[in-house]
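If you're matching them up, the sequences are chains A and B in order. Residues 93 to 516 (this note's numbering) are what the first sequence spells out, left to right. Residues 93 to 516 (this note's numbering) are what the second sequence spells out, left to right.
Because the hints were derived from the structure by calculation, they are not lab data. The reader is advised that the hints may include incorrect statements.
Identical chains share a label here; the pair holds if one copy fits it or two copies do between them.
[As the list claims (entries may be wrong)] Once the Cα atoms are required to be at most 25 Å apart in a straight line, the calculated SDA-like pairs of lysine to any residue come out as:
#1 Lys-301 x Ile-376
#2 Lys-148 x Lys-391
#3 Lys-368 x Glu-464
#4 Lys-219 x Glu-242
#5 Lys-119 x Arg-388
#6 Lys-456 x Val-163
#7 Lys-107 x Glu-366
#8 Lys-221 x Leu-205
#9 Lys-148 x Ile-406
#10 Lys-221 x Phe-206
Since the structure is predicted, the reported quantities are computational estimates derived from the model, not experimental observations.
2 protein chains.
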Amino acid sequence: MSGLKSMSKDEIILKKDEYLKEYNNYKEMGLKLNMSRGKPGSKQLDLSNELLNGLKNFHALNNIDVRNYGVLDGLFEAKSIFADLFDIPAENIIICGNSALNIIYDTFARLYLFGTLGEKPWGKIEKVKIICPVPGYDRHFSICEEFGAEMISVPINNDGPDMNMVEKLVGEDDSVKGIICVPMYSNPSGEVYSDEVVERLAKMKTAAKDFRVFWDNAYAIHHIYKENKLANIFKLAEKYGNEDRIYMYFSTSKVTFPGSGISLIAASEKNVDEIKRRMSVQTIGFDKINQLSFVRFFKNADNIKQHMKKHAAILKPKFDMVLETLEEKFKDDKICSWSKPDGGYFITLNTYDGCAKEVVRLAKEVGVILTEAGATHPYKNNPKDDCIRIAPSYPYMEELKIAMEVIAVCVKLATAERLLSIQQ
Amino acid sequence: MSGLKSMSKDEIILKKDEYLKEYNNYKEMGLKLNMSRGKPGSKQLDLSNELLNGLKNFHALNNIDVRNYGVLDGLFEAKSIFADLFDIPAENIIICGNSALNIIYDTFARLYLFGTLGEKPWGKIEKVKIICPVPGYDRHFSICEEFGAEMISVPINNDGPDMNMVEKLVGEDDSVKGIICVPMYSNPSGEVYSDEVVERLAKMKTAAKDFRVFWDNAYAIHHIYKENKLANIFKLAEKYGNEDRIYMYFSTSKVTFPGSGISLIAASEKNVDEIKRRMSVQTIGFDKINQLSFVRFFKNADNIKQHMKKHAAILKPKFDMVLETLEEKFKDDKICSWSKPDGGYFITLNTYDGCAKEVVRLAKEVGVILTEAGATHPYKNNPKDDCIRIAPSYPYMEELKIAMEVIAVCVKLATAERLLSIQQ
Numbered sequence: 093m094s095g096l097k098s099m100s101k102d103e104i105i106l107k108k109d110e111y112l113k114e115y116n117n118y119k120e121m122g123l124k125l126n127m128s129r130g131k132p133g134s135k136q137l138d139l140s141n142e143l144l145n146g147l148k149n150f151h152a153l154n155n156i157d158v159r160n161y162g163v164l165d166g167l168f169e170a171k172s173i174f175a176d177l178f179d180i181p182a183e184n185i186i187i188c189g190n191s192a193l194n195i196i197y198d199t200f201a202r203l204y205l206f207g208t209l210g211e212k213p214w215g216k217i218e219k220v221k222i223i224c225p226v227p228g229y230d231r232h233f234s235i236c237e238e239f240g241a242e243m244i245s246v247p248i249n250n251d252g253p254d255m256n257m258v259e260k261l262v263g264e265d266d267s268v269k270g271i272i273c274v275p276m277y278s279n280p281s282g283e284v285y286s287d288e289v290v291e292r293l294a295k296m297k298t299a300a301k302d303f304r305v306f307w308d309n310a311y312a313i314h315h316i317y318k319e320n321k322l323a324n325i326f327k328l329a330e331k332y333g334n335e336d337r338i339y340m341y342f343s344t345s346k347v348t349f350p351g352s353g354i355s356l357i358a359a360s361e362k363n364v365d366e367i368k369r370r371m372s373v374q375t376i377g378f379d380k381i382n383q384l385s386f387v388r389f390f391k392n393a394d395n396i397k398q399h400m401k402k403h404a405a406i407l408k409p410k411f412d413m414v415l416e417t418l419e420e421k422f423k424d425d426k427i428c429s430w431s432k433p434d435g436g437y438f439i440t441l442n443t444y445d446g447c448a449k450e451v452v453r454l455a456k457e458v459g460v461i462l463t464e465a466g467a468t469h470p471y472k473n474n475p476k477d478d479c480i481r482i483a484p485s486y487p488y489m490e491e492l493k494i495a496m497e498v499i500a501v502c503v504k505l506a507t508a509e510r511l512l513s514i515q516q
Numbered sequence: 093m094s095g096l097k098s099m100s101k102d103e104i105i106l107k108k109d110e111y112l113k114e115y116n117n118y119k120e121m122g123l124k125l126n127m128s129r130g131k132p133g134s135k136q137l138d139l140s141n142e143l144l145n146g147l148k149n150f151h152a153l154n155n156i157d158v159r160n161y162g163v164l165d166g167l168f169e170a171k172s173i174f175a176d177l178f179d180i181p182a183e184n185i186i187i188c189g190n191s192a193l194n195i196i197y198d199t200f201a202r203l204y205l206f207g208t209l210g211e212k213p214w215g216k217i218e219k220v221k222i223i224c225p226v227p228g229y230d231r232h233f234s235i236c237e238e239f240g241a242e243m244i245s246v247p248i249n250n251d252g253p254d255m256n257m258v259e260k261l262v263g264e265d266d267s268v269k270g271i272i273c274v275p276m277y278s279n280p281s282g283e284v285y286s287d288e289v290v291e292r293l294a295k296m297k298t299a300a301k302d303f304r305v306f307w308d309n310a311y312a313i314h315h316i317y318k319e320n321k322l323a324n325i326f327k328l329a330e331k332y333g334n335e336d337r338i339y340m341y342f343s344t345s346k347v348t349f350p351g352s353g354i355s356l357i358a359a360s361e362k363n364v365d366e367i368k369r370r371m372s373v374q375t376i377g378f379d380k381i382n383q384l385s386f387v388r389f390f391k392n393a394d395n396i397k398q399h400m401k402k403h404a405a406i407l408k409p410k411f412d413m414v415l416e417t418l419e420e421k422f423k424d425d426k427i428c429s430w431s432k433p434d435g436g437y438f439i440t441l442n443t444y445d446g447c448a449k450e451v452v453r454l455a456k457e458v459g460v461i462l463t464e465a466g467a468t469h470p471y472k473n474n475p476k477d478d479c480i481r482i483a484p485s486y487p488y489m490e491e492l493k494i495a496m497e498v499i500a501v502c503v504k505l506a507t508a509e510r511l512l513s514i515q516q
């Protein structure tokens with residue numbers, strides 16, 4: 093087996109011409125495929141169409157008319173379902189609006205404007221640093237950047253962020269105020285944080301009293317190949333007296349309808365009290381009609397889990413297609429590697445160093461839009477330029493097959509170009 | 093006619109005993125009436141029940157599937173309806189979530205955290221002062237207080253805030269950064285700002301470059317007795333080159349369902365660009381299913397106006413009842429006065445100085461909950477203690493009649509007590 097990397101310059105040039113021919117064929121096809129975001133496909137959306145049938149009876153528990161004002165922290169019956177789903181007491185949950193991202197942003201805004209539990213507002217501190225496991229979620233990075241927090245990249249291993257690094261960072265420097273992460277099927281590389289990692293996050297000594305874990309549990313129940321378990325960080329934090337450290341977020345955007353579901357923040361009693369007090373200035377309450385529709389549709393946590401199996405059944409062939417195409421296209425020449433997640437929405441493709449941007453550019457030229465290379469890293473700056481996020485959920489199977497073939501040839505072409513430019 | 097105020101001490105004591113007897117009768121009735129907030133009554137909510145029937149076709153203009161992510165600033169067809177309703181170009185409108193209050197809060201948060209159009213963040217300035225026409229809306233005051241803005245009370249005349257005072261304040265002091273107000277059927281006293289007042293707000297020279305008018309047009313179309321017209325502040329502001337000064341807010345909370353409708357912010361092109369850029373960090377987009385439901389239900393601005401006439405038909409008898417009961421109860425002894433608004437949600441009752449808190453306390457003791465006295469003023473501090481907000485919309489007619497009788501006797505009793513305490 094003679095791979096691209098061990099070829100002579102002339103051999104690579106020959107290969108490159110071959111790849112270029114294949115690539116140019118796609119150019120002529122006039123493709124228009126967008127794989128840039130983790131959008132559910134329309135078959136997934138159809139699973140919840142019953143929600144569009146409306147609400148016959150608009151009275152919730154305690155005869156609350158959901159059509160009118162009130163109930164700042166959300167319907168009790170909605171809290172109950174999530175309490176079951178996450179093994180968190182209902183009183184530690186606040187049901188919010190249509191976007192968990194918005195609650196994360198709002199939490200940052202409150203920390204910067206007002207501080208938390210008597211500590212100085214982050215906006216009044218010289219420097220705030222947030223630990224960002226990489227690769228990570230671009231919208232998390234955007235929030236940190238918007239608020240002027242300095243992002244510190246920490247690599248993710250198979251079991252979660254490098255905890256030796258994390259512990260060192262938080263232990264020494266009281267300007268390190270938080271870590272923002274997706275602990276289950278991490279966006280984009282799919283890792284599930286191990287029990288040990290979760291416990292170390294809950295236990296570690298932090299120089300900052302108001303250190304916070306922004307626990308974006310977006311894919312908590314989004315299993316595809318295997319049902320992984322994530323340790324309950326609240327129970328562990330409580331064990332070490334650090335229960336105020338944790339803010340957990342979740343939404344039904346990838347359970348029912350993206351941007352039209354409901355969301356939640358879960359936190360300690362003290363945090364919940366503080367958030368509700370601040371929230372009461374911001375709003376009279378979130379959309380309770382939507383909350384009750386959710387409750388009527390699912391009834392209980394178990395039905396949500398069953399519903400997620402239907403999502404998995406639609407997503408699995410798409411993930412299979414991505415993984416199998418990569419396997420086939422690179423079986424003879426392992427010039428790239430990729431993640432094999434058990435769930436979530438993404439697969440990461442690791443290219444030869446310095447090729448990711450070029451792959452994305454090449455793919456775009458023939459009509460396949462990928463997430464911007466670099467988006468997986470703080471400040472859009474991946475020094476190795478080797479990471480591409482693939483989002484298989486949105487395209488139809490036929491489109492996905494073509495898109496993956498395009499990506500494969502783009503990887504080959506970019507690698508050949510890169511090797512040639514190095515040899516020169 | 094011998095009124096309470098001109099009576100001797102002994103005469104007042106006799107009257108007081110009479111009032112007390114009547115008051116005690118109510119005590120025995122075990123009333124439970126809440127008139128504290130401007131909540132629509134259930135017949136008003138019924139007007140929009142068709143909205144609960146769901147959404148058959150989930151594709152908006154340009155084939156947008158409203159069940160999926162996207163469209164940060166809202167559906168074009170929703171913007172179009174509001175563009176018509178308010179005579180504002182659609183491109184100056186951003187459709188948001190379920191609460192205009194939340195957008196006002198978010199605007200404050202952005203101004204404090206980031207500043208606007210290149211000016212210093214308000215959070216980095218020694219002092220920020222906001223002009224608050226009084227009486228005013230308690231939730232506006234809460235937002236100012238939460239952000240640490242110093243509220244400057246300016247009295248409202250029949251045609252709006254005292255503009256001589258406003259112009260003097262904003263002209264001299266660059267820490268005066270804004271005015272927050274309800275220009276149409278002002279909450280709680282019902283004034284409609286005159287064309288002259290609106291023009292002066294649009295025209296006035298402000299020491300602060302980033303002075304902002306928070307134009308909470310909550311009751312823009314909520315006519316009851318008469319259809320008043322509010323001048324278009326955007327057109328006037330543009331005339332004087334001050335178009336960036338205005339943020340207008342509106343929601344359908346009192347058109348369809350409180351807290352489950354949609355809301356908007358309207359602003360100049362520069363402001364809209366800035367808001368969208370900041371908002372894109374906060375959220376992927378608001379609930380488009382709700383936006384499309386709204387569009388399908390109303391179809392056009394004219395239908396909204398027709399719909400508001402149905403609200404008026406339900407509200408008018410309630411406002412009549414309040415006004416007639418006050419008229420009757422105080423026709424022989426004018427110890428208090430009240431507003432006679434053409435629309436909106438409130439009537440203010442002006443008591444004899446130093447009586448408002450006591451009236452609210454007395455009413456509460458017999459089961460009639462009113463808005464906290466003082467809530468109509470910044471810091472809950474009404475130096476004259478003479479202002480009570482009456483919200484007639486929520487109770488049934490029979491309840492409202494009793495509530496008003498209770499309030500009347502409480503006013504009489506409190507006034508008698510007050511006069512006695514002064515005479516001592």
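Contradicted hints - numbers only: 1, 5, 7
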